[in-house]
Amino acid sequence: MSSQDIPEENLPSEQDAAGHTLQKTADEHPFADPGLPPHEHRVQDVDERAAKSSERTVALLFTISMLATIGFIASYVAFPVEKIVYIWPIGHISALNFALGVTLGIALFCIGAGAVHWARTLMSDVEIVDERHAIEAEPEVRAKVMSDFAAGAEESGFGRRKLIRNTMFGAMALVPLSGVILLRDLGPLPEDKLRHTRWARGKMLVNMNTHEPLRPEDVAVGSLTFAMPEGMSEHDHDFQTEIAKAALMIVRIQPEDIKDKRELEWSHEGIVAYSKICTHVGCPISLYEQQTHHALCPCHQSTFDLSDGARVIFGPAGHALPQLRIGVNEEGYLEALGDFEEPVGPSFWERG
Amino acid sequence: MKKLSARRRHPLAAVVVLLLALAATGGLYAAFAPADKAQADETAQSLAIDEGKKLYAVGCASCHGTGGQGTSDGPSLVGVGAAAVDFQVGTGRMPAQQPGAQVPKKKNIYNQAEIDQLAAYVASLGAGPAVPTDKQYNPEGADIGKGGELFRSNCAQCHNFTGEGGALTHGKFAPSLEGVSPKHIYEAMQTGPQNMPSFPDTTMPEKEKKDIIAYIDAVNGDETPSPGGLSLGGLGPVSEGLFAWIFGLGVMIAVAVWVAARTAKAKKS
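Residue numbers (UniProt numbering), protein chains in the order written: chain B, 1 to 352; chain R, 1 to 269.
Same shape as in the complex, but just chain B (with noise of 0.2 Å):
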């Protein structure tokens, strides 16, 4: 840019007609400040009859927020919670939703649009420049501070007295403890309640869906289905806190495509039982692909071979899910061998 292209009104040496000030400055500064451009009027300012305009028109956008506001109330009262309506092209909406929508809509944007339009059209645009004073105090300020605070500190016997000193200290010390003390209200420590389920050698493997025992013969190759330990009802107090740690998810695979061997010998012809809740923060993962046999965790994408010891094979997920041994009981039901051998579930500090 050329110094043709400033107005010649910018320019330092047009700024300061005394020159000599702005002179030395721009040895040092060879950017000097140019100051602030002389004020432009708007039309409202020069032309009184496009000022009453501009006022018209912001009345009239605060007066249709007005209106608007009204509007809301009426339809808030008028309208029938259920009633849905179609309304091209949204399509079949609630129409209480869509007139409280509308109007408190229009009664917010008319008060801002409103208020934009008045303080660029008619509110004083003359620009201030108001200079910022010295953040450091007095000189005499700063001594009297100091003599006072000496003189504070002197006559408090602080220094003097140091059994108030130190007995002040302790208290103040041991003061925080009582907020401590309450943190253990938190809640009870978890224990080993981290390492153990419902699940039990002998249990049964109930689904989830029938709420009846499986047998091995209902769980179909390529099949995915849900199980809780027997004697869990969803009605349960706890049964939230408990089907957190024992949810499992059931896959048979042909036995010739389990890769891992301990995979192989805790399963029950080809069934296989794992956790259903994801090692990583224990999210309930069971997107379970039958052609791949991997799982995938829907939070971050952890993802495990069900067929290889529910290995990780991408993700963030730090171990493979735990798997439960199963086995037949008597009557032909599938059945648990034990609990789960590790903890379910995220990783924690004292997993080992």
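Derived from the structure by calculation, the hints contain no laboratory data.
Where hints are given, some of them may not hold.
To be verified - According to the in silico footprint, chain R covers these stretches of chain B (three or more CB under 8 Å from chain R):
#1 89 to 103
#2 198 to 210
#3 224 to 231
#4 292 to 304
Said to hold, decoys possible - Per label pair, the in silico range of CB-to-CB distance:
#5 R:L249 / B:I181: 41 to 49 Å
#6 B:E40 / R:L249: 27 to 35 Å
#7 B:V129 / R:W245: 35 to 43 Å
#8 B:A173 / R:P237: 43 to 51 Å
#9 R:L249 / B:T57: 23 to 31 Å
#10 B:A171 / R:P237: 49 to 57 Å
#11 B:L60 / R:L249: 23 to 31 Å
#12 B:H39 / R:W258: 22 to 30 Å
#13 R:K207 / B:E82: 23 to 31 Å
#14 R:G126 / B:L194: 45 to 53 Å
Note that the structure is predicted; figures quoted are calculated from it, not measured.
Note that beta-carbon positions come from the ideal geometry of N, C-alpha and C, so glycine has one too.
Chain B is already provided as a structure; the job is to place chain R on it using the hints.
Leaving out everything else, chain R in the frame of chain B:
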């Protein structure tokens, strides 16, 4: 004859000749083709199997093998049952256009009679689930609330809470259930197409499947109202957040820029 030869250079002459030739070939074939051996003794069922076998040889055998035994390009069809055929062909997924992570649904090129014949042939290869009847899948009078519970515990992990679908691994996805007929939903649950696990009657009885179909119809049907208005695909917080942050905030920034850029000065500089 003179008249004919005079018109031999007419633009439509080639078309007429072609039609005549086709008619002649067809007529000759009809006359000399081996007479239908299923004259009297064969039942309608085995007729359908025969017809299905012919359709199979044309449309399916290149990937699934000449006897449905499967090849490296397609799985074995022994034991998949008529329901699987009715679903895969009825939704246009099969015959597949090209191999890939997942075969998507497309326009169905077979009519229902041909699909039934194909299904009869594939069912004859090995026992599998039969095509459900209207009584089995019609959601009339089913428990929508129970269906919702079942859907959320068995289906929602992949198909989303109202059946809008979702992503799986390596380009696979759970398709949206919008506009899928009750029969096809029933068959999908029963047979587990592609990577979807199956939910056989032994673990999810017929009544529960009906409840699920009724739930899908209630929350994702043509007439399903969306009380809040624009559902943004009903995919949950991701699409809503994207809309709010990109569109909502973008519009606000654009308006702010527009307001500030328009000078209110009388003299435009």
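Quick rundown of the hints versus the structure:
1. 89 to 103: holds (count 8)
2. 198 to 210: holds (count 4)
3. 224 to 231: Since 3 is at least three, the answer is holds.
4. 292 to 304: holds (count 6)
5. R:L249 / B:I181: 41 to 49 Å: holds, 46 Å
6. B:E40 / R:L249: 27 to 35 Å: holds, 33 Å
7. B:V129 / R:W245: 35 to 43 Å: holds, 38 Å
8. B:A173 / R:P237: 43 to 51 Å: Roughly 46 Å apart at Cβ, these two residues keep to the hinted range, so it holds.
9. R:L249 / B:T57: 23 to 31 Å: holds, 27 Å
10. B:A171 / R:P237: 49 to 57 Å: 50 Å Cβ-Cβ, so the 49 to 57 Å window holds.
11. B:L60 / R:L249: 23 to 31 Å: Given range 23 to 31 Å: holds, Cβ gap about 28 Å.
12. B:H39 / R:W258: 22 to 30 Å: Since B:H39 and R:W258 have Cβ atoms about 24 Å apart, the given range 22 to 30 Å holds.
13. R:K207 / B:E82: 23 to 31 Å: Holds, at about 29 Å.
14. R:G126 / B:L194: 45 to 53 Å: holds, 47 Å
Comparing the model with each numbered hint stated earlier shows that all of them hold.
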